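Using the sequences plus the hints, can you model the full thing?
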Amino acid sequence: MKKQDNLNRQSEYLENLTTKDVEQLEKDKIIERQLRFQELLISISTKHINADLSDINKLIRESLQQICQFVESDRSYIFSYDFVNNTTSNTYEWCAEGIEPEIDNLQNVPIDFIPQWIEAHKKGEPFFVEDVSELPEDGELGLRAVLEPQGIKSLITIPKIKNKELIGFIGFDSVHKINKYNDHEKEILFVFANMLVNVLQRKEQEERIKEQEEKKEELLQFLSRQNEELNEYAHVVSHDLKAPLINISTLTSWFMDDNKDVLDENAMAPLHQVMFNVEKMNFLIKGILDYSTIDKLETEDKHIDFNQMIEEVLQTLHIPDHIKITVQDNLPSLYGNAWRFKQVFQNLIQNAINYNDKENGVVEVGYSEQEDCHQFFVKDNGVGIKSDYFERIFKVFTKLESTGSSSGIGLSIVKKIITLYKGTIWVESQEGVGSTFYFTLLKNR
Numbered sequence: 001m002k003k004q005d006n007l008n009r010q011s012e013y014l015e016n017l018t019t020k021d022v023e024q025l026e027k028d029k030i031i032e033r034q035l036r037f038q039e040l041l042i043s044i045s046t047k048h049i050n051a052d053l054s055d056i057n058k059l060i061r062e063s064l065q066q067i068c069q070f071v072e073s074d075r076s077y078i079f080s081y082d083f084v085n086n087t088t089s090n091t092y093e094w095c096a097e098g099i100e101p102e103i104d105n106l107q108n109v110p111i112d113f114i115p116q117w118i119e120a121h122k123k124g125e126p127f128f129v130e131d132v133s134e135l136p137e138d139g140e141l142g143l144r145a146v147l148e149p150q151g152i153k154s155l156i157t158i159p160k161i162k163n164k165e166l167i168g169f170i171g172f173d174s175v176h177k178i179n180k181y182n183d184h185e186k187e188i189l190f191v192f193a194n195m196l197v198n199v200l201q202r203k204e205q206e207e208r209i210k211e212q213e214e215k216k217e218e219l220l221q222f223l224s225r226q227n228e229e230l231n232e233y234a235h236v237v238s239h240d241l242k243a244p245l246i247n248i249s250t251l252t253s254w255f256m257d258d259n260k261d262v263l264d265e266n267a268m269a270p271l272h273q274v275m276f277n278v279e280k281m282n283f284l285i286k287g288i289l290d291y292s293t294i295d296k297l298e299t300e301d302k303h304i305d306f307n308q309m310i311e312e313v314l315q316t317l318h319i320p321d322h323i324k325i326t327v328q329d330n331l332p333s334l335y336g337n338a339w340r341f342k343q344v345f346q347n348l349i350q351n352a353i354n355y356n357d358k359e360n361g362v363v364e365v366g367y368s369e370q371e372d373c374h375q376f377f378v379k380d381n382g383v384g385i386k387s388d389y390f391e392r393i394f395k396v397f398t399k400l401e402s403t404g405s406s407s408g409i410g411l412s413i414v415k416k417i418i419t420l421y422k423g424t425i426w427v428e429s430q431e432g433v434g435s436t437f438y439f440t441l442l443k444n445r
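Residue 207 in full-length UniProt numbering sits at position 207 of the sequence shown; the count goes up by one each step and never skips.
Treat the hints as calculated values from the structure; they're not laboratory data. Every clue listed holds true.
Straight line, CA to CA, 27 angstroms or less: simulated DSS-like cross-link-like pairs of lysine-lysine: (1) K164 <-> K186; (2) K186 <-> K47; (3) K324 <-> K358; (4) K342 <-> K422; (5) K47 <-> K395; (6) K186 <-> K162; (7) K122 <-> K186; (8) K47 <-> K58; (9) K122 <-> K164; (10) K153 <-> K122; (11) K443 <-> K342; (12) K153 <-> K186; (13) K342 <-> K324; (14) K186 <-> K58; (15) K324 <-> K386; (16) K302 <-> K443; (17) K203 <-> K395; (18) K164 <-> K47; (19) K164 <-> K203; (20) K123 <-> K186; (21) K153 <-> K180; (22) K123 <-> K164; (23) K162 <-> K58; (24) K162 <-> K203; (25) K302 <-> K422; (26) K395 <-> K342; (27) K58 <-> K203; (28) K395 <-> K422; (29) K358 <-> K342; (30) K153 <-> K177; (31) K422 <-> K379; (32) K162 <-> K47; (33) K395 <-> K379; (34) K379 <-> K358; (35) K47 <-> K203.
Nothing here was measured: the structure is a model prediction, and the numbers come from that model.
Here you go:
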């Protein structure tokens, strides 16, 4: 009886909705879905960046499963094209429970079977069939004859492009129901395809490096190339994420402006949460871009007075009244890139401020001269860090807490810069007492 009453009330509610209300509900669903899709993509991207590629197969299958389940398909896969032999082969596959794997049956398939497919991919476009049963009856070698025996009702395939060359595709089959994909989802699936190309490329390079361990010069060249491609990967992913992110922000802003007079604070709270997450993703994208461009700066190196430079950094930071910052007055002058050095001190000092829970917070900046290097430190009396985190905090996207809109990239940027200058960085800390970050920079010769 209760269930029937609930259904009646729900039916009554839907009947009373205006056309505008229905349209707004649809917009809200789109915003929420796009936000969750973005977060999933960022999570997968983080795994790919930090992953040990010794088990590449597991990493790829897990990401295929996550995306496939999100778009509510039943089978996801990766194919490679062989345009020398005019064939295509299934290399990776994930199937939902009860779905028959097809990978063994889809090796060296003649591409003549899928001309429409190839044509779309060569143009850099997805190939989408909403309803396989509506395809024309084009013979036993036609597309419908290829798809129907696999039980496919809908499918979408996204081309994989490497160095402007078509190398394969990723695909998603729907067996249990007809499936639709909007333009935003197609954009995000393209970003996912780029991720897979890059992670597979990293794996290929690692295998080549292992084969040529005795050739030291070639090994260094491969490592340099790998690093460059990783940076390019971060740049491409962050750039591609901007378009759907702007759409989310715009739709949410329109709704909030249109309804600010009729919605109370409780109704607006979820929308403010959406805008907060959009801002959080913007920080993440900016962090990725900063991280990927550190070693590509073309500005001129020069001798830099570190006391003057840190004074300029402090002018850009918001320093609360309860925080006192002291800077040793005889810091050295070193030759290098001003933007990189500012990034180091800006991130370390900002962290010291953000993670200070004392009524009278103190941040100290100083250095000591060693035989071959200058050893700098940034010390605070803040919350401190568990020893388990001493190494992890320098990895990309690692944060001590999930609150706030920080990207979790700041310390990885610092480490990358210090490593670029052949220095080292480490932390000493005690929970509840404070932390000291040390790093070295070689003396100018």
